[in-house]
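**Student:** Listed here are the chains, written in short residue letters.
There are 2 protein chains.
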Amino acid sequence: MITQYLDKNKKFIDEKLDTYLPKATAYPRIIHEAMRYSVLDGGKRIRPILVLESSKLCGGKIKDAIYLACAIELIHSYSLIHDDLPSMDDADTRRGRPSCHVKYGEALAILVGDSLLTLAFNLIARIRDKAKTGEIIFEISKAIGSFGMIGGQVMDLKIKKAKKVDLSTIEYVNLRKTASLIAAATKTGAIIAGASDKEIDILQKYGEYIGLAFQIVDDILDKNGYVEVFGIKGAREESQKLVNKAKDILESFGAKANNLKGIADYILNREK
Amino acid sequence: MITQYLDKNKKFIDEKLDTYLPKATAYPRIIHEAMRYSVLDGGKRIRPILVLESSKLCGGKIKDAIYLACAIELIHSYSLIHDDLPSMDDADTRRGRPSCHVKYGEALAILVGDSLLTLAFNLIARIRDKAKTGEIIFEISKAIGSFGMIGGQVMDLKIKKAKKVDLSTIEYVNLRKTASLIAAATKTGAIIAGASDKEIDILQKYGEYIGLAFQIVDDILDKNGYVEVFGIKGAREESQKLVNKAKDILESFGAKANNLKGIADYILNREK
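The listed protein sequences derive, respectively, from chains U and E. To convert, note that position 179 of the first sequence is 271 in my numbering; the numbers rise steadily by one, no gaps. To convert, note that position 97 of the second sequence is 189 in my numbering; the numbers rise steadily by one, no gaps.
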């Protein structure tokens, strides 16, 4: 069962995050406590699991990919903390708890985000195969920069302010804000395993398809974005189509890709 | 003359920053325009010049160190933008112009800082000698993370809020908030040149001494921090002592280190 697989891997990732994050007693305590509060919050750890599974699929070892997996999760956490800030989406809660700035104040929340982004690159720099570090950092920094995830957030803020949506902007936002990081996770998971160019390309496309589906499912649950343009029915059809594409593109891997196919279905059927 | 040397190098760095920053017309335009506004603002470019000069001193080539030099300046810019935010130091101006959040709004200013930090790591990933990329990113991310520059800002905010200072906290803030990044600049400049461990160690110490002096001179000009504990006279003596140490530690390099010695004196005598 995919949920058992996800649960087991979530526990493993949580243990590693706990190890790699600074201790809550380390000076200055307040920022380390806040970093831990924000990261160790019961997230599903889909992105780091995708790194590990993509790497495994291409013949990589867990111990080589775990720093990268945790780095991707820290980047995800940083983006949530900054997105939740009063000047951005102004979200008071995150996963049923006070969001970082509500609990620790706005200044600290900004610095917690900055610290997690910085720690993510520090973790990637610890990868043993130094020849791959540069390529992986290049890919990830491109995916999450002003032409990637941050660009997506810029346009998302613009849409929310304008209170009207158009298809091309929605597609830009979904691709950049959500799919970019997920595709970077699966792509760099393949890179760290020493995958062929063709395998890397497949894993990136798989990540992009499920990343887009992920955001459309979010839009369905939140009744905005894609749903405002195409309605619930259109959004359901599109997310199903994307998940089918994601599974089809893995065909050449055969049964070895069953976990990634299961994750694609899980993303489609999730309820927050 | 050191000022001519600094001017010439500043122009070179400005040209490279202009090239490496995304074009102002690139989509989403607003963030790229704001990134350029914040970076191309007439800074003195001391930190990237220190990278290039440290690298040159250890036998490195400018073309190998220029990505790293510009990355360090982008990190400096990011830290200023986030420090200026209303919830932090609430500074309306920066180098005589409206600060980023005053001109572009708070949300965008946060994202501009995030983008510059991300772009900095992207530039470092472009370094040709891939074997060094991991080591350099490890050093820099350590220097600017929650145990380094960000830790310094956390404690600086705490001091300002408490409106009282104690020596050990001031020393922590000066070392972390300012000297960390400057020492990382000189240290990684040496690393990229393939310097010996001894040379790397000297360049790091030199950076730490002038970084501490830099912050004390700032405190003298702003009449706070170190000056509140030791008075103007004590602060002047301490900064002079640090600059002497910085120059002394370079002795083994002989006349080749004259530019770095000149920069140390320049930092001591600067008037903002």
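Calculated directly from the structure, the hints in this document are not laboratory data. Treat the hints loosely; a few may be bogus.
You can't tell identical chains apart in this list, so a pair holds if it fits in one copy or across any two.
[As the list claims (entries may be wrong)] Under the rule of at most 30 Å between Cα atoms (straight-line distance), these lysine-lysine pairs were calculated in the DSBU-like manner: (1) K108 x K255; (2) K222 x K297; (3) K108 x K256; (4) K325 x K252; (5) K115 x K315; (6) K108 x K136; (7) K195 x K222; (8) K339 x K195; (9) K103 x K252; (10) K103 x K255; (11) K253 x K108; (12) K333 x K155; (13) K333 x K297.
**Student:** If a hint holds in the structure, say so; if it doesn't, say that too.
**Tutor:** Hint by hint, here is what the structure shows:
Proximity of K108 and K255 under a CA criterion of 30 Å is satisfied in neither setting, with 41 Å inside one chain copy and 39 Å between copies. Taking the shortest alpha-carbon separations for K222 and K297, both the intra-copy value of 26 Å and the inter-copy value of 26 Å come in at or below 30 Å. For the homomeric pair K108 and K256, neither the shortest alpha-carbon distance inside one copy (42 Å) nor that between copies (39 Å) is at most 30 Å. For a Cα distance limit of 30 Å, the shortest separation of K325 from K252 inside one copy, 23 Å, qualifies, whereas the shortest one across copies, 54 Å, does not.
In this assembly of identical chains, K115 and K315 lie within 30 Å of each other by CA distance neither inside one copy nor across copies; the values are 39 Å within and 35 Å between. Proximity of K108 and K136 under a CA criterion of 30 Å is satisfied intra-copy only: 14 Å inside one chain copy versus 42 Å between copies. Taking the closest pair of Cα atoms, K195 and K222 never come within 30 Å of each other, the shortest separation being 38 Å inside a single copy and 41 Å across copies. With identical chains, the CA atoms of K339 and K195 are never at most 30 Å apart, being 41 Å at best within one copy and 46 Å at best between copies.
In the homo-oligomer, the alpha carbons of K103 and K252 never lie at most 30 Å apart, since the shortest distance is 36 Å inside one protomer and 41 Å across protomers. For the homomeric pair K103 and K255, neither the shortest alpha-carbon distance inside one copy (40 Å) nor that between copies (44 Å) is at most 30 Å. When the C-alpha separation of K253 and K108 is checked against a cutoff of 30 Å, the pair qualifies neither within a copy, at 39 Å, nor between copies, at 35 Å. In the homo-oligomer, the alpha carbons of K333 and K155 never lie at most 30 Å apart, since the shortest distance is 34 Å inside one protomer and 48 Å across protomers.
Within a single copy, K333 and K297 get their C-alpha atoms as close as 14 Å, which meets the 30 Å cut-off; across copies the closest is 58 Å, which misses it.
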